[in-house]
Amino acid sequence: MGGSIEAGWAFNAVEVLDPHYVDLYQQITIFSNIFSGIVKLDRNGEIVGDAASDWTLPDNTTYEFTIREGMTFHNGDTLDASAIKWSIERLMGLDDSPHIGKVADIESVEAPDATTLRINLSRPVAPFITFLTRGPGRAGTIVNKTAVEEDPQRYRRYPVGSGPFELTERSTGESLTLTAFDDYWETDSEGNSLPYLDEVVINLIPEPSTMWSAITTDGIQYADELPPQNARQVQGGGGSVDVAGVSSGEWSCLAMLCNDPASDEWAERQSYASGNDQPTDAWEGTDIPTTDRRVRQAVAMAIDREELVSTAYFGFAEPAHSLINPAIAWAYQEQPENAQMYNPERARELLDEAGYTGEPRFSGSILGTPTDERVMTVLQQQLSNVGIDATLDVQQESSYWDNIYRYNHMFMMYGGGGDIDPWMSWWKQLRTPMEEGSSGAWQKNLYSNENFDEALSKSFNTPNQDERIEYVREAEQIFLEDAPFAMTTFPLTPKGSVTQLKNVGNQIGLSNFHRAYLEE
Amino acid sequence: MSVSDLVESAFSGSSESGKTFGIRSDLLERFIKTIRRDLRAKIGFLVVALFGLSAIFAPMLAPYDPMSQQFPILMPPDPLSANPLGTDSFGRDLLSRLMYGARISLAVGLGAVTFGAVLGILIGLFAGYYGGYIDDLLMRAVDVMWAFPWLLIAIMLVAIFGQGFWNVMVAIGFAYIDDFARLARGEVLAIREEEYTMAAKSVGLEDYEIIFEEVFPNTVAPLIVQFTIFTARAILAESTLSFLGLGVKPTTPTWGALLGQGRGFITQAWWISIIPGIAIMVTVLGINLFGDALRDAFDVKETGQT
Amino acid sequence: MGMRRYIAKRVAHALVVIYIVATIVFFAVRAIPGDPARVLLGGDASAEAIAALREEMGLTEPLYVQYIRWMGRILQGDLGTSVFSDQSVLQMLIGVAEPTLSIAGLGMLIALLIAIPAGITSAVKQYQWEDYVATTVSFIGISMPGFWIGIVLLIIFADRLGWVPAFGYVSFRQGIIPWLKHIILPALAVGLPYGGILMRMTRSSMMEVLNEDYMRTARAKGLDGRLIVFKHGLQNALIPIVTVAGILLGVLLGGVVAVEIVFGIQGLGRLLIASIQRRDFPAIQGAVILISFVFVFMNLLVDVLYTSINPQIKYGGSE
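If you read the protein sequences in the order shown, they are chains L, S and U.
The numbers in numbering that gives the first Met the number 0 rise by one with no breaks, and the one at position 27 of the first sequence is 26.
The numbers in numbering that gives the first Met the number 0 rise by one with no breaks, and the one at position 240 of the second sequence is 239.
The numbers in numbering that gives the first Met the number 0 rise by one with no breaks, and the one at position 46 of the third sequence is 45.
Just so you know, the hints here were simulated from the structure itself, not pulled from any lab data.
There's no promise every hint is true.
[Claimed, not checked] Cβ-to-Cβ under 10 Å is the rule here; a few derived chain S residues that face chain U:
hint: 1; residue: 121
hint: 2; residue: 155
hint: 3; residue: 159
hint: 4; residue: 235
hint: 5; residue: 236
hint: 6; residue: 238
hint: 7; residue: 262
hint: 8; residue: 277
hint: 9; residue: 286
Quick caveat, the model's predicted, so the values are computed rather than measured.
Note that the Cβ used here is the ideal one computed from N, Cα and C, for glycine as well.
So here's chain L without its partners, still in its complex pose:
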């Protein structure tokens, strides 16, 4: 065992690695090798203990964790319940952290002894445990007090954690060196210490073609993300590179404008999401076909998801028939009841019913970014097959975000990533925007349905998974009926490793080298 590998990350510059500030998936995939969480996601995407060996819920608002003994940080500090308490309380005080919302409902954190950690919530928060995972959750990722207090600015770039690897060297825009942490607590089933690898050098290779050429010539042994058109070439095996398409909880859809932002009902409400008091008058005197539920259902039926997957993604995606993505293993169903399925005949009928019978039936523009371009191009063709004339408005990321909250497009390419709980997408993106709190704060398409809001609130406040799933299903059915989003796909990230490199942990899109080894 042992050995070192070179890896490639498709990224320009990995700046921040302080988990309480990290917001990009490529950063998550790096830091989850450096840190421990209170809990983590295992290979099947199930939540299991990390620093906590076990936990219980004495009641709906209390989490009690049993913390392992003998864990240390990379700098030698002891990791015990009080160290974790400090880490959580640090996040609670970070106004500028994107994750502060996740700890907003914490009333208090207690560490009565070294192995007991108790978190008291002010109200039941069902997804709370997912926030405490070390990867995507981030809130429960444990940072080191000494190092943070010494120099918080430096800590952003040179984090000290307690994970299987420590960051020993970094050179901006080029590479990061992860060295095996000798005092890592975990051992394999035979008692060998983990990790097996001595060193992982992460090279930043933002250019997809370069990444591909590097892994095929053995310049790197692992690629965090390969270009799908190349990855498809090696699928089926036989070559020197293995490719796994993994879901990082990503989903993608065509969001449809459900209401006129300037209408009496929405003029003020839209501002809770957009922050813009003056709603657009782009729709004045025009009809917005997508405000009709039948039209939205028709659009959802016009999408041939299988074709989309093969043409636009070169196979690296799953067709999406509903909003719950495969990374939410406990709630995901491939085709729930009333799922959004391809049915162009029915789509045409619905459009006829809605009164759109012309040629074209109606026209509208799709807003998206250059990364969406392939998908948009295929969607445009599919919509035209049912008589909808879609023009493509491809905007750079910055103008895309400016435009999307102006509500001046009928269709928007939209999606999310790292969603490991149904609450994550639904609450901010589909619930009615409210003046207070985060409900509907990310509304892109001005959707509102009281019953949906209600089901969602219940699902949020019910930590018991068996009860909770009922509310999740209820909300899902309303979503499918109203079709505010025409779901498209759950994209998969093609991760590549040379055949000698085995056992990299790719659950929910991570790249964990924790148990990875090189075959002789």
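Since chain L is already given, all that's left is putting chains S and U on it; use the hints.
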């Protein structure tokens, strides 16, 4: 009817300019003679005509809808198949896309140079004719323009005003303003003191009349040469911008955009990027040959502005 | 006007041009729609967080205040900090300048090595087969987009033959041979079109010189033909060649941007385009100023060179 006859008839309509004081009346004659005699001009003219016509009549000539994703993706070229030039990564027919692409690429090229020429020539004419502080002011502005490499100007303009046919045209054409301005000014300075200009002044013509009726026609020869050669450059510029993803709407087929879309497939589908490149090369070569022949015919000195 | 005063005047002029360029760029980047704070915080950041960051980045102040501050910093040599990566713009520019300069430099060298001998041969052997071959090749050279030449070379020499790596860049500090292997194709891609133009220029100015009276006289006197061509001819023909080489620097720089993208090289061009897409104002400004600076001063150098190899030109009158 031979090629040169065609050209002759095409240009004969506009030859009624003999009434002005001192215009070189042999201009058109030379032009036609060149095409008749010069092999380069013939080849160039033929190529340009061929591509121009296939662009204009693309809707009739193209075998398929250039946007329709009806074939298997990434099919290699096969002259005997339904897609003689293969298909792209969406399963669209490359030949049809190439023909439609010619329309935008050629139109942007021509439009860009026209824009640059009109503005540049106006600036140059006024600067040269009036001299003094007007000249200074205008030429300083031109100097500043010149301090930006063309691509930089184009990228900034597209970033500010957005992608689109007219914006890209202007963005590319902008870079030619200074060249045209310098050239026009130089020519004006040379003929300002000539007899016919003096004569025009002495009979009391207005300044603008003198500029547009006397001075301008006499700068035409070098400007035509410049125009031709810049059109070739502008087509290359359009292809570069589109390749960078900053051209006309990203989804519109233009030669450069076709090339750009092939970039991710270089190692598995060479034809997507190679074939549009050949189309660009042949067209630009044609225009360059034509321009070169014109240059010889008009006796314009090569200034390296190719 | 003396040479020294002439140079001083031209330098001052160049600095004024760069100042104006910098000013234009400052306002132009702010006219680009899109908000760097939004890009940085991600699409779904709250309005308050964005407002706070805009404040922190100094974007909420009136434009003229921002402008004056920025000018003040520039004069102290501070180009600011990248919005996106927290890195100083100067550091970023230094980082990306190496690959770009390597490609441009080698490209120019290739162009000159091809263009000057070919141009002279072509002029001396006018209307013979050598001339036709050289002219045709140069014509084809100027009719191809440089980045496309790059694609063709990449497919042939990297993908099919595997002689050189297809993508990426390796610094010369890691060895001259790997460095050359990585930049040879990009350099050819920018160098060939550039060489095509230079060759045509060399040919025509050489021909002009060969037809001058003194050359004819020299030949009539029976001096060795080759000697004449090189001693008198080249010397005089070089003047316009040098000028054109300078003017065309813009073409070369423009070519490098697209070529960097073909070969996946993190150079100045890629930085510029990525910065525009991210609305990274300080980085865009820095990159544009650097490019204009190089451009203006290379031309200045050419101008000065031009006046010194050609004593007939009066210093003031070359504009």
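Against the structure shown, which of the earlier numbered hints fail to hold, in ascending order? 1
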